[in-house]
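Trainee: Take a look at the letters that make up each chain.
There are 2 protein chains.
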Amino acid sequence: MQLQEAREQLQKLQSQMAAYRHAQGLLSFDGSTTAPKNTTANRAKTLSVLGEVSYKLSTGKDTVDLLEYLDARKESLSEKEQRQVFLMLKSIRFMQKIPMDEFLAYRRLLVESGDVWRRAKEQNDFASFEPYLEQIIKTKKRHAAYEDPAMDPYDYWLNEYETGLNQKTCDTFFAAVREGIVPLLQKVQSREQVSDACLKGDFPEADQEALAYYLMDRLGLDRGHVGLATTEHPFTTSLGSHFDTRITTHYHREDVSSSLYSVIHESGHALYSTGSAPELAYTVLDGGVSMSIHESQSRFYENYIGRSLPFIQSIFPKIRELFPAQMEGVTAEDFWKAVNRAEPSLIRTQADELTYCLHVMVRYELEKQLMHGDLKVCDLPAAWNALYQEYLGVTVPDDTRGVLQDMHWGGGMIGYFPSYALGSAYGAQILAKMKESLDVEACLAKGELEPINAWNREHIWQFGCLYPPEVLLQRVLVAPFDPGYYIRYLEEKYTEIYGL
Amino acid sequence: MQLQEAREQLQKLQSQMAAYRHAQGLLSFDGSTTAPKNTTANRAKTLSVLGEVSYKLSTGKDTVDLLEYLDARKESLSEKEQRQVFLMLKSIRFMQKIPMDEFLAYRRLLVESGDVWRRAKEQNDFASFEPYLEQIIKTKKRHAAYEDPAMDPYDYWLNEYETGLNQKTCDTFFAAVREGIVPLLQKVQSREQVSDACLKGDFPEADQEALAYYLMDRLGLDRGHVGLATTEHPFTTSLGSHFDTRITTHYHREDVSSSLYSVIHESGHALYSTGSAPELAYTVLDGGVSMSIHESQSRFYENYIGRSLPFIQSIFPKIRELFPAQMEGVTAEDFWKAVNRAEPSLIRTQADELTYCLHVMVRYELEKQLMHGDLKVCDLPAAWNALYQEYLGVTVPDDTRGVLQDMHWGGGMIGYFPSYALGSAYGAQILAKMKESLDVEACLAKGELEPINAWNREHIWQFGCLYPPEVLLQRVLVAPFDPGYYIRYLEEKYTEIYGL
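Chains as they are written, first to last, in this note's numbering: chain C, 1 to 500; chain Y, 1001 to 1500.
Some hints could be false.
Derived DEER-like restraints, expressed as beta-carbon distance ranges [claimed, not checked]:
no., chain 1, residue 1, chain 2, residue 2, range
1, C, GLY224, Y, ASP1398, 22 to 28 Å
2, Y, LYS1200, C, ALA210, 24 to 30 Å
3, Y, ALA1445, C, VAL394, 54 to 60 Å
4, C, ARG253, Y, GLY1447, 57 to 63 Å
Please keep in mind that the hints were generated in silico from the structure rather than gathered at the bench.
Backbone N, C-alpha and C define an ideal beta-carbon position, used for all residues, glycine too.
Isolated chain C (complex conformation) (with noise of 0.2 Å):
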C-alpha cells in the first residue's frame, strides 16, 4: 500500500461512515419525534443490519490494517489525519474489547428501552421501565469492566464522556459548587420572591413555533441546515456532517418560557454542531468534541446570553407581538426577572440556573450508588425522591416528574449528567474571558448575536474534534479552569434580581 493511496483510503472509509450515523440517527430522530409509535421494533430491527455493518466498516481487518500502517507513518501525516487515526483506532480498541454479538444486542437494547422509558413517563410507571434500567446498568458496568477491569467502572464512563474526568474531581466541583450556591440560595429565599406570572397562561403551540423560529434565527442559525420538529424530551442531532443538524423542542402551552429556554439551549447545540471548520466535513472530527464543552455552548446561550436583560430586551417587542393579550402591562424586566425566578422545583429541564446544579447532583450521588451496587434499580425512586428533599427541599409526587423526567439512562448515558454541571461552570469562565476582548453587553443591547457567534466559532467551534477537551479548554481559557468565574457570575446575578 502507498502511503497516499492510505490517506485516501482513510477520507473514503470516514465519509462512509458518516453515511451510516447519517442513517442512524435520522432512524432514532424519527422515533423521537414522528414515528408512529408501534414502529419501534422495526426500528430496531434495521438499526441493528445497519449497526453490524458499520461496526464492520469501522473495525473490520481492512480498517484496523489501514489505520495501523497510518499509525505507524504519522509524521508523514497531517495535524488533523494524525487526531482522525487516533480516534478512529481508540474506538476500535474500545469496540474490540465488547463481543459483537453483546454490542448488537445493547444497541437494539437501548432502542427498545427509549421507547419504554416514554410510554413509562406518559403513563407514570417506573415497574415497566426498571428491568430495561437494570440491564443497562448491568451492561454499562460489564462494558466498563471489559474495557479496563482495574477501573473503577463509574470512573470509566465519566471519563469517556469527558477525558479526564473521574469521581474525585466530580467530588471537589460540586462541594466547591454546592459551598457557593446553597448559602446564595437560602439569601434568595430570604427575599421577597419575583413574579413569574407573565409566563404563565395559555400560549397556543403555533405562536410558540413562530417564536421558535424567530429565535433560530436571531440566534444566528441556517435554517437551511437546521431544522426544528417537537418530541418528548428536546435534543440536538447532528444528521452525518454539519450540513444537516436538527433541533427539537416541546411545546407546554400553559407556560410559554419552557420552549423558549429549550430552543435556546439547543441551538447552542447546533451552533457549536454546525461550525466545525469546513474541511471537517465527513470526518470523525466533525462536531462537537465531548459533552461538556457542547453544554459549555448550550448553556452559554441558555443562561449567559438568553437570560441575560439585554438579550430579553431586544427580544420583547416579538414576544408582545406574538402575545398581546398575555403581555399586556408586562414589561421586559419583568419578564427578564422572570425567567430567572430562582425557586427549588421539580424539573431539572425547567430549573433556574441557581438551583440547576443542585438537580445534576442528585443523578450525580445516584449513579455513584447504582453502579457501585450500594443502590438497587428499584429502590431507585424512592431513594430520588428522598434526595430531591434533601438538597432541593421539594416533595416528587410522581415518577413522571421524578425519577422518570429525564430520558439519559434509559438511553444509556450513564456518567453523562457531570457534564451539564461542568458545562455551565466552564461556560462562565468562557464568557469572561470573551469579554476581555468584546463587549458582549453592547452587543446583546444592539442585538448583534454574530460577534458573539464569530468569538465561540473562532476559539471553539471551527476546531470540531480536533483538540481533546481539556486542550481545547486550555486554549480557550489560557488559564486553569476554575469554578470561581461560575459561582461569583451567580452571585452577581442574583444580587441584581434580588437585591440582596
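Put chain Y on the given structure of chain C with help from the hints.
Mentor: Same frame as chain C, but now just chain Y:
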C-alpha cells in the same frame, strides 16, 4: 452448501435488504417532509453510500450464487420462496446490465432533481428543471436499451411498472375510456353545474389535520403503524415491511376537499401496504405488487368509497363539527354533490373522477413523444399546454399549474401515469365483484368499513407480491379485465348527480 442453510440465508438476505430499504425510504421521506431545504447534497451523499452497499448486497457474487443454487432446486422450495428467488433474480438481471457507476450516478441525479423540481414548481421556473428532466429521459432510454435493446423504450418502462403493459394495450384502453367519457362529459356540461361553494372558504390547518386523523381512523388504518406528515405532493411510503407506513398530505387552507381526498387516496395505499400477510414481512414479497394494483386500491377508497353518498353521510357530522361556520346550512347531499362536481380543470390530483383520465392521457401522450424523441424537453411546456387545451379545453396559466405540477418525472417515473387510469378501471370492476358477495352500500350506510377492508385483505392485500399483477387480478375478478365496468360506473354516477 446445504439446501436448508441456503433457504435460511435467503431469508437473512431479504431481511438485510429490507433494512436498507427502510433507511433509504426514510431518508427520502425526510427529504420530502421535514428536512431543512439545503440538506439535499448531504442526503444524496448518504443515499449514494447506502445505495452502493445495498446494490452489492442484492447483486453481489454471493447473492447470485445463492439464488442460482436455489433456482436450480426450485421444486424443493415453497411457493413463496420460489417467487422470492424469481423476483430477486429478475432484479439482479436488471441491475447487472447497468454499470454500477451509472446506477449510482442516476440515484444521485434523482435526489437532486427531486429537489430542483420542488423549487422549480414553487418558483414557476421550468428552465431550471429542464436539464434534469433531459438527463432523466436520456437515462431511462439508455437503461431500457441496456435491458432490452430490441424493445421500444417506452414499452420497456410501461412493462416495468405493470407486467404485460405496452403502448398497444394503453392505446386501446384509453380509446375505450375516451369514447365513454367525452360524450358523458359533454352531457354533464349541458346541464346546470352543481355548486361546490361549501368546499371553499377558510379551513385552518389544525382542523384539517384533525379531519385527516379522523379519516385514517374511519378507514381502519392502525395509527400505531401508520403516520401522517405534510409535503408538497402527497405520497405514501412503506418503511421496511408493513409495520411502518407513512402517508402524507398537503393542506390547502382555502379548499377542504383537497387534503380530505388526498388523505383517503393515500390511506388506500397504506391499507394495501400494511395488509400483507405477516409471514411476508422482511421479504421481497411484502407490500403491493404493482402500481396499477396499488392505484386500484387508492382510487377505490378515494372514489368508490370516499365520494359515495352513504360514506359522506357517515363522515359529514364530523365535518360539520370541525367547521361549523363553513358548513352552516350545508347538507351531506350538498357536500356529496360538491365533491363530485365534474369540470375540466388544471390539476390532476384535484381533478374529479370524470375528467381524471383525460389528465392521465395528456401525460401518456407526452411521455410517448419524449421517449421516442418526437418531443424535445424544451418544447414540453408548450406541448403540455396545447394538449390541455385540446383534451380538457382549459388554458394553462403557468408551469406551476401545468407541466411542473407532478413530481413523477423529476423522480424518474416515466411510464407510471397510465397505471392511475388503469387502477381506476380495475377498481370499478373490483367493486362490482365485491358487490356480488357483500352489501357494500349497507356497510357504508352503517359507516362500517371493516367488511370492505376484510374483502380486499382476503382477495388482494394479504398476497403482497406473491402473484404477478395479471394473475392476482384474474384471481380477484374471476373474469378478464373489462373497462366497461368503469365506464358504466361513471355513467350511472353522473346520471344521478346531474340528472342526465
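Trainee: Confirm or reject each hint.
Mentor: Quick rundown of the hints versus the structure:
1. C:GLY224 <-> Y:ASP1398: 22 to 28 Å: holds, 26 Å
2. Y:LYS1200 <-> C:ALA210: 24 to 30 Å: holds, 27 Å
3. Y:ALA1445 <-> C:VAL394: 54 to 60 Å: holds, 58 Å
4. C:ARG253 <-> Y:GLY1447: 57 to 63 Å: violated, 33 Å
Checked against the numbered hints listed earlier, the structure breaks hint 4 alone; every other hint is satisfied.
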